[in-house]
Amino acid sequence: MIDISEVLETNKMVSEQTLDVRTITIGISLLDCADRALKTTCDNIYAKLTRLAKDLVKVGDDIGREFGVPVVNKRISVTPIALVGAACCRRPADFVRIAKTLDRAAKKLGVNFVGGYSAVVSKGMTPADELLIRSIPEAMAVTERLCASVNVGSTKTGIDMDAVRLMGEIVKETAARTKDRGSIGCAKLVILCNAPDDNPFMAGAFHGVSEGDAVINVGVSGPGVVHAVLKTIRGADFETLCETIKKTAFKITRVGQLVAQEASKRLGIPFGIIDLSLAPTPAVGDSVADILREIGLDHPGAPGTTAALALLNDQVKKGGVMASSYVGGLSGAFIPVSEDQGMIDAVNAGALTIEKLEAMTCVCSVGLDMIAIPGDTPATSIAGLIADEAAIGMVNQKTTAVRVIPVAGKKVGDTVEFGGLLGHAPVMAVNPFSCAAMINRTGRIPAPIHSFKN
Amino acid sequence: MKKVIITVVGKDTVGIIAKTAAYLAKENINILDISQTVVQDYFNMMMIVDGAKCRKTFDRMSADLTKLGLTMGLRIHCQKSEIFEKMHRI
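So the sequences go chain by chain: P and E. The first sequence begins at 28 in the working numbering and counts up by one. The second sequence begins at 456 in the working numbering and counts up by one.
Calculated directly from the structure, the hints in this document are not laboratory data. Treat the hints with caution; some may be incorrect.
Here are the simulated DSS-like cross-link-like pairs (lysine-lysine), alpha carbons at most 27 Å apart as the crow flies [stated by the list, open to error]:
#, chain 1, residue 1, chain 2, residue 2
1, E, Lys508, E, Lys466
2, E, Lys508, E, Lys457
3, P, Lys39, E, Lys474
4, P, Lys258, P, Lys345
5, P, Lys292, P, Lys344
6, P, Lys81, P, Lys134
7, P, Lys292, E, Lys474
8, P, Lys425, P, Lys273
9, E, Lys457, P, Lys292
10, P, Lys39, E, Lys457
11, P, Lys127, P, Lys206
12, E, Lys508, E, Lys474
13, P, Lys206, P, Lys273
14, P, Lys292, P, Lys75
15, P, Lys206, P, Lys39
16, P, Lys383, P, Lys273
17, P, Lys206, P, Lys183
18, E, Lys522, E, Lys474
19, E, Lys511, E, Lys474
20, P, Lys273, P, Lys183
21, P, Lys85, E, Lys458
22, E, Lys522, P, Lys292
23, E, Lys466, P, Lys39
24, P, Lys183, P, Lys135
25, E, Lys458, E, Lys508
26, E, Lys511, P, Lys81
27, P, Lys85, E, Lys522
28, P, Lys274, E, Lys458
29, P, Lys39, E, Lys522
30, P, Lys206, P, Lys274
31, E, Lys508, P, Lys85
32, P, Lys85, E, Lys457
33, P, Lys292, E, Lys508
34, E, Lys511, P, Lys85
35, E, Lys458, P, Lys39
The following block holds chain P by itself, in its conformation from the complex (with noise of 0.2 Å):
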C-alpha cells in the first residue's frame, strides 16, 4: 500500500520543484503521403496529422489531470519533409508550401511545435535536400510552429562539410528573415551530428526513417527536483552525490514511463521511448545550471563544469534506464543557455563562455544550444561552431547540435528576448579569428577510425 510520506514527496515535485512532463512526442511517417504533385502532397499530410493526432492534445491534458502531473507540451514529429517532398518540390518555394501546410495542421490541431522540417545529409546532398536547406529562411519566417534540422555529419559516415558551410550561411539568412522578432527563427532551426530518428525534443525532433508509422515518445524533465533533493545531502560525498542524483532520476523517469503507457494506449499508438532529459525552462527552479551550482560550483564555467557535468549526466541515465522498458532520443541533461536562469546568470557573471560550453557538450546532451551571439557573427565562423560540435558528435559517437542564434544588429553584451519557453539571452562574443579558408574548402571529412567496427 502506497505510503503518505510517498503522497506528498511525489506531490512536492509537482507543486514545489516543478516537475513535469515536458513533452509528448507523436512522430508520424509522411513518406505515404508523398506524390508527383506538390498540392496532393499537402493535402495527404494534413488529412494524416490531424486524422492521427487528433486526440493528442486532449489525451495528454486528462493524463495530466488524472495523475496531477501536469504535461507541458503536445508535439508531433514527421518524416524528414526533404524526403516527402523529393518527388514534387522543384524549387525552394514548394518546400515553403509544405512548410505551411504542416504549420496550419499545428494549428488546427493546438499542438506547440512541429518538428521534421529536416534533410539527413551526413554524407551528402540529394538535389531535394538543397532545396530544403535553401528554403528554411523562408519557411522559419512564415510559419510560427514549425522546427527546422539538418543532420550534417555522423560517425559512420564524416561530416559533409559542404552542408556545414551551407548551413552557417543558411544560420545568417534565418536571423535576417526574422529580425523583427529577435531573430527567433534560429532559434527554431537546429544542426545536428548523430540526430537520432526518435528525439520528441524540439528544434531537432523528427521521425526517422527507420521507424513505424506513428510512434509515442515521450520526453520528461525536472531539474529542479534532483537540486531540491541535492540540498538536502550538502557536503556528502560523490557516492551518495551519484546514488541520490540516480534515484531522483529513475522516480522521475517513471513518471514518464506512466504516462507513454497511458497515452500510447488510449491513442492507440505503440510506445518508442522515453528520452531521459533534464530539460530546463526559464521558469525559478527549474535550472540545470542550479544543479551545477549545488554540486559545488560558483557558477557553471568554473573550473570542474565538465565533470559536475559528466557525473549529472551518468547518473541521470543510469537511473533512468532502470526505470524505462525503451529508452532513446538525446537522454541526458541539456544546457541551453536562453532557457536556463542559472545559465544567463553564468553568462553575465563572465563565468561562462561559448568555448567552455563546448567542452561541456562533449559529456552531455546535446550542443551549444540557444546561444544568442553578435548578428555580425560572418556565416564562416557559424559553419566553424557548427564543425566543431559535428566533430564533437562524431568522434565521440554522441548526438550534438548547434542551435545558435546570431541575433540580428544585437552586439555582445545586449540582451534578446524570445518569450515563453525559449527564454531571453545575453549574447555571447564569438572568438573573432576567421576560419573561413578552412570552410571554404569542399567536400567532406571522412569517418573516424573508430567507426569501423564491422
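Once you have looked at the hints, place chain E on chain P.
Just chain E, lined up with the frame of chain P:
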C-alpha cells in the same frame, strides 16, 4: 475508475474526515486506507479509495471534492494511484 488517492491539505478543523467520508459513501466509493500527518503546521490527509462502484466519472468526482474542500478552506486533490505506485515501487 479504479484506485484513487485523495489528498487533503489545509488547516485542521472539525469534520474534515466526516464530510469527505460522507461524500464518498453517498457516491458508493469505498475507503481502503486513511492516514494523516502534520507538515509545517498544515494538516495533510491521504485516503486511498476504490471507485469501481461509483457511477460518476473521475473528473466529476474530482470537481465535487475540490468544491467540498473549498467549503472547509481546504485543498482536496484526486489522483489515480498509478502515479505513486509507478514512482515508489519497482
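Comparing the hints with the structure gives:
1. Taken as a hint, the Lys508 (chain E) and Lys466 (chain E) pair is broken in the structure, with Cα atoms around 31 Å apart against an allowance of 27 Å.
2. The suggested pairing of Lys508 (chain E) with Lys457 (chain E) holds, with an alpha-carbon distance near 9 Å, which does not exceed 27 Å.
3. Our distance criterion of 27 Å between C-alpha atoms is met by Lys39 (chain P) and Lys474 (chain E), whose separation comes to about 25 Å.
4. With a C-alpha separation of about 21 Å, the suggested pairing of Lys258 (chain P) with Lys345 (chain P) holds against the 27 Å cut-off.
5. With a C-alpha separation of about 26 Å, the suggested pair Lys292 (chain P) and Lys344 (chain P) falls inside the 27 Å cut-off, and the hint holds.
6. Pair hint Lys81 (chain P) plus Lys134 (chain P) holds up; C-alpha atoms about 11 Å apart against a cutoff of 27 Å.
7. Between the alpha carbons of Lys292 (chain P) and Lys474 (chain E) the distance comes to roughly 36 Å, so the proposed pair goes past 27 Å and is violated.
8. Between Lys425 (chain P) and Lys273 (chain P), the direct Cα distance comes to roughly 21 Å. Compliance with the 27 Å bound is thereby established for this hinted pair.
9. This hinted pair checks out: Lys457 (chain E) and Lys292 (chain P) have alpha carbons roughly 16 Å apart, not beyond 27 Å.
10. Our distance criterion of 27 Å between C-alpha atoms is met by Lys39 (chain P) and Lys457 (chain E), whose separation comes to about 23 Å.
11. Note on Lys127 (chain P) and Lys206 (chain P): the hinted pairing holds, with a Cα-Cα distance of about 20 Å set against a maximum of 27 Å.
12. Restraint check: the Cα-Cα separation between Lys508 (chain E) and Lys474 (chain E) comes to about 20 Å, which is no more than 27 Å; the hinted pair holds.
13. Between Lys206 (chain P) and Lys273 (chain P) the alpha-carbon distance is near 43 Å, which puts this suggested pair outside the 27 Å criterion.
14. Note on Lys292 (chain P) and Lys75 (chain P): the hinted pairing holds, with a Cα-Cα distance of about 19 Å set against a maximum of 27 Å.
15. Our distance criterion of 27 Å between C-alpha atoms is broken by Lys206 (chain P) and Lys39 (chain P), whose separation comes to about 42 Å.
16. Restraint check for Lys383 (chain P) and Lys273 (chain P): the C-alpha separation of about 26 Å stays at or below 27 Å, so the hint holds.
17. As the CA atoms of Lys206 (chain P) and Lys183 (chain P) are separated by approximately 37 Å, the hinted pair breaks the 27 Å bound.
18. For the hint linking Lys522 (chain E) to Lys474 (chain E), the alpha-carbon distance of about 12 Å falls within 27 Å, and the restraint holds.
19. Note on Lys511 (chain E) and Lys474 (chain E): the hinted pairing holds, with a Cα-Cα distance of about 18 Å set against a maximum of 27 Å.
20. The hinted pair formed by Lys273 (chain P) and Lys183 (chain P) fails the criterion: a straight-line CA distance of about 31 Å is larger than 27 Å.
21. Distance hint between Lys85 (chain P) and Lys458 (chain E) is fulfilled; the C-alpha atoms sit about 22 Å from each other, no more than 27 Å.
22. Among the hinted pairs, Lys522 (chain E) with Lys292 (chain P) is inconsistent with the structure: their alpha-carbon atoms are about 31 Å apart, more than 27 Å.
23. Taking the CA atoms of Lys466 (chain E) and Lys39 (chain P), the gap is about 18 Å. The hint holds against a cut of 27 Å.
24. With a CA separation close to 39 Å, the supplied pair Lys183 (chain P) and Lys135 (chain P) exceeds the 27 Å bound.
25. Under the criterion of a C-alpha separation no larger than 27 Å, the hint pairing Lys458 (chain E) with Lys508 (chain E) is consistent with the structure, at around 11 Å.
26. The straight-line distance between the Cα atoms of Lys511 (chain E) and Lys81 (chain P) is roughly 26 Å, inside the 27 Å bound, and the hint therefore holds.
27. For the hint linking Lys85 (chain P) to Lys522 (chain E), the alpha-carbon distance of about 23 Å falls within 27 Å, and the restraint holds.
28. This hinted pair checks out: Lys274 (chain P) and Lys458 (chain E) have alpha carbons roughly 26 Å apart, not beyond 27 Å.
29. A threshold of 27 Å between alpha carbons decides the hint, and for Lys39 (chain P) with Lys522 (chain E) the separation of about 22 Å falls inside it, so the pair holds.
30. Restraint check for Lys206 (chain P) and Lys274 (chain P): not satisfied, since their Cα atoms lie roughly 45 Å apart, outside the 27 Å limit.
31. The hinted pair formed by Lys508 (chain E) and Lys85 (chain P) meets the criterion: a straight-line CA distance of about 26 Å does not exceed 27 Å.
32. This hinted pair checks out: Lys85 (chain P) and Lys457 (chain E) have alpha carbons roughly 21 Å apart, not beyond 27 Å.
33. Between Lys292 (chain P) and Lys508 (chain E) the CA atoms are separated by roughly 23 Å; this keeps the pair inside 27 Å, and the hint holds.
34. Restraint check for Lys511 (chain E) and Lys85 (chain P): satisfied, since their Cα atoms lie roughly 20 Å apart, inside the 27 Å limit.
35. With a C-alpha separation of about 21 Å, the suggested pairing of Lys458 (chain E) with Lys39 (chain P) holds against the 27 Å cut-off.
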